[in-house]
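Colleague: All chains, full assembly: derive it from the sequences and hints.
Numbering (our numbering) for the sequence shown: 84 to 157.
Hints may contain errors.
[As the list claims (entries may be wrong)] Simulated restraints, written as ranges between beta carbons of each label pair: (1) Glu105 <-> Glu154: 28 to 38 Å; (2) Gly122 <-> Val101: 15 to 25 Å; (3) Pro131 <-> Arg106: 13 to 23 Å; (4) Thr123 <-> Pro100: 28 to 38 Å; (5) Met147 <-> Pro126: 23 to 33 Å.
Calculated from the structure, these hints are not laboratory results. Think of the CB as a built atom: it goes at the ideal place given N, C-alpha and C, for glycine as much as any other residue.
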Amino acid sequence: MTTRSTQPMAGAYVDAPVIHRERLSPQQIAGRSCCWCSGTPDPRFPVPILRGDALFACSPCASMYGVPAVEADQ
Numbered sequence: 084m085t086t087r088s089t090q091p092m093a094g095a096y097v098d099a100p101v102i103h104r105e106r107l108s109p110q111q112i113a114g115r116s117c118c119w120c121s122g123t124p125d126p127r128f129p130v131p132i133l134r135g136d137a138l139f140a141c142s143p144c145a146s147m148y149g150v151p152a153v154e155a156d157q
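Modeller: Here it is, written out as structure tokens:
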């Protein structure tokens, strides 16, 4: 019997809602609110899904969807 791995692939988000640029608010596109919930974004959790847009996740969404942390000064 084979089993599937429960570990996500590197760079993959776990059960994260799809992000559609046309559905984001101007604040989300500018990186001033979380790209999923419109909460306060944390620059340690960039979401590099869309080219040219600096999307960020808040700490709770980053934790829930598996967004890796980076150094804030980068």
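Colleague: Give me the numbers of the hints this structure contradicts, sorted from smallest to largest.
Modeller: Hints 4 and 5 not satisfied by this model.
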